[in-house]
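Peer 1: Given next are the chains, with one letter for each unit.
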Amino acid sequence: MGKEELIASNPLRMLGLDNKTEDGRQSLGLIMARAGLGKTAILVQIALDSMLRGNRVLHVAIGETIDKTRDRYDDILAKMIEDLSEETESDLSRRRMIMTFKENVFSRAMLEERLKDLIEQDVFKPDCLIIDGYDFDGNGRQAMEDLKQLMAELGISVIWFSAVSHRNDPRVSADGVPAPCHTIDDLFEVVLLINPQDSVMKLDILRCAYCELEPGTTLLLDPSTMLIKKS
Amino acid sequence: MAKDLSKVRNIGISAHIDSGKTTLTERILFYTDRIHAIHEVRGKDGVGAKMDSMELEKERGITIQSAATYASWKDVEINIIDTPGHVDFTIEVERALRVLDGAILVLCSVGGVQSQSITVSRQMARYRVPRIAFVNKCDRTGANPTRVTEQLRDKLELNAHMMQLPIGLEGDFEGIVDLITMKAIYFDGDSGEILREEEIPADMAAEAEEKREALLEEISMFSEELMESLLEGGDIDPQLIYDAVRRGTLALEFTPVFVGSAYKNKGIQPLLDAVSSFLPCPTDVVNHALDLDNNEKEFPVTNDPDDKLIMLAFKLEDGRYGQLTYVRTYQGVLKKGDTVFNSRTGKKVKIGRLVRMHADEMEEIVSCGPGDIVALFGVDCASGDTFTADGISASMSSMHIPDPVISLAVIPVDNMAQNNMSKALNRFTKEDPTFRTYVDHETGETIISGMGELHLDVYIERMKREYSAAVDVGAPQVAYRETITLQAPFDYIHKKQTGGSGQYGRVAGYLEPLDEGEYEFVDEIVGGVIPREFIPSCDKGFQKSMAKGSLCGAAITGIRAVINDGNSHSVDSSDVAFQLAAQGAFKEAYMKASPVIMEPIMKVAVEGPTEFQGAVMGSLNQRRGMIIGTLEEGNYTVVEAEVPLSEMFGYSTTLRSLTQGKAEFTMEFATFKQVPKSVSEELVKKYQEERKND
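Chains as they are written, first to last, in my numbering: chain S, 26 to 256; chain E, 1234 to 1927.
These are calculated hints, taken from the structure and not from any lab test.
Glycine included, C-beta positions come from ideal geometry on N, C-alpha and C.
Each hint should be verified, as a subset may be incorrect.
Cβ-Cβ distance ranges computed for the label pairs, FRET-style [said to hold, decoys possible]: (1) 93(S) <-> 1867(E): 15 to 25 Å; (2) 1517(E) <-> 93(S): 49 to 59 Å; (3) 103(S) <-> 1390(E): 14 to 24 Å; (4) 93(S) <-> 1708(E): 37 to 47 Å; (5) 1506(E) <-> 81(S): 49 to 59 Å; (6) 1626(E) <-> 93(S): 40 to 50 Å; (7) 103(S) <-> 1517(E): 54 to 64 Å; (8) 141(S) <-> 1440(E): 40 to 50 Å; (9) 1451(E) <-> 168(S): 53 to 63 Å.
Model the full structure from these sequences, guided by the hints.
Peer 2: What follows is the structure, given as structure tokens:
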């Protein structure tokens, strides 16, 4: 599939998030799953889609290396686009930056300092932030509201997070968003949950403020490639 | 009697610059009785460490050439290659890794896993070299081997676990606790040569017990017997633990970590025990050779002394004893006086003298067998050549050799310097495949090219010191390349009739971009429109055209030249005529094929205190760098970027002033990329002006 076709047919279009962020309004998205089910693969697809649409993405990986994160992008991009041209590849890599933090080092203050550095030095001004590995157990509503405020200050349109849910924790919000995000789910415009059922990997849409869904449509994950597809 | 190969270890010692590799090697040689006094790397006694045999290395306090040496520890023979820590000399590191079976990764307990360690680790992974880690300098202020072990896990993604605990740190560093024997070891005597075993200090007993349990749990996955023994409870046989660690290490799934201070003579003997216990012997590793009689099909070497000889020349040195060729034997036996074949040249070579090297001293030997690393005298060959016995046509798998990325002109000051320079260059190009030299026919200048500024600096210094070749040096130039982006046809007639026999040749076909490789010639001529004998002439003509592109004068690469039509003349066609026709055809098609200039892009890693991160990123950005990512580690940060080499000249000075000398950087070649339009225009303009002035 070529680049243009891919943008148009990407199942992520149905979330409607990209249309709603173009007017300067900030949005938050969240991918949840139990450990090891492929949250990062979804985040990378969201990031690549954003990059293909011309945005700049800062991928913040907490507890991960630069090389490993970069390899994720290379792998998924190769699966998404056949015959990837050198020009597209080079253009995409210019639209991405990876920032990695050790688990115990990441803080909102440090992220703010780094982001301001990047913007002031004219190195990189992100439109979209991916934060993979954020500690929702240790940070509550206030921290999330702080981040939303930071987005507004720095002109970032959207932040996507990943969060780990636990099989033994039965707590869920009214929309079905599991712990530890069940008490702050109202802050997110979109919440997706990877839901493995027998041999099928479903991607349940738990919250979606701007979805343009045809009735009965669900998102699925191809278990061999982890690429998102429509049912 | 055949040698017991299970008692042989071929190891490398690799690490970041200034981690103390050379000091460590010096201590190993001392404890294995190869030397009888200890000299420091930048010692005041003017002798210098044993492994830094080149004067320049002694002066700069860095290891440039990897001298090979031999030692024996208890009943095990250890061949050691001391490898350089600077990334510009990576070919040395890679060569060493190619012939070695295992390695010690030396890390500074203060600096931890630095950028060069990451590069070296990547190289070790490429050659599947099992390694053990040694966290050195535990006596230094800020020493923290636990943090370094965590970095081995986080940054290098190794399953690293401490096998020892330090007793005290920094100025209080006294000895180590061995987590297998559960004993404390102290190093007494003037040079730490007397080992005193004691009970674990009471205040460390609980920690040692806890760390041992974690270690056993981790390594039990490599041994069912150990796992059963753990489940049963009671005493664990230490041999089970040694076996499990060895198994994990050989499978590259476990990295045991040892601690010490080479400078303070602590921890070296247990490290030598670890080399014997955990690193592989030659038969633990499967090496492959290529069968030259069977389409270069890979086959495993046997390590059997009764099989026909196969050995690889991995390093040449021109020292005070004449030319030395370091070889590793993979199978068969080589005896003094034997005749062997160089499988690249097909020439017979008689082996006059055979020596075992100990840095710059040597020991005469009469034979060597599988797994041995020895040196040969007076053998004319290039680095990377394979020697075999009569009746076997094999080559050891070729090494990955990167193309040079930087060049500069060297101009001898007088005739004597000219002669000496030629000798030096002849030697260096044989020693080091990444160092190349040629004469620019337009300017008549001798050009040398290599992997970085420091790489070339060292050779220029060696030219001056070892060969008394006084040379002036031009400014460093980036090794640009030209290539095409479109297919373009040609149909060219070369015709010259000026009385007597003339010249005639017509070639038609097309040029097109080649995805992989530098050049390909395709002959699609049917019906003999170009006679068979002139087809190679066309190929030669195209290749000649590729030496210098017309955009900026750089070599052209990545082209497939296809000929599918032509004409000849029964009298006037000749080899020269078709060569010239092909050159004309190339010129005709080249500009139509939308040529572009490519430049070397370097992977740069800058490491320093967090407070300078913004300034560092800004400086890389200004140099057309693309920031790939950053790594935050509390007070320390690493910025990784891809930056054009042309923009990196003088960066060390910039970085020093930006960061008060607190940050450092390494760079290695990453890829070639098309230059931006503005840079391309500038390069084309500059080249045209130079041509006008010539």
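Peer 1: Which hints from the list above does the structure break, by number from lowest to highest?
Peer 2: 2, 7, 9
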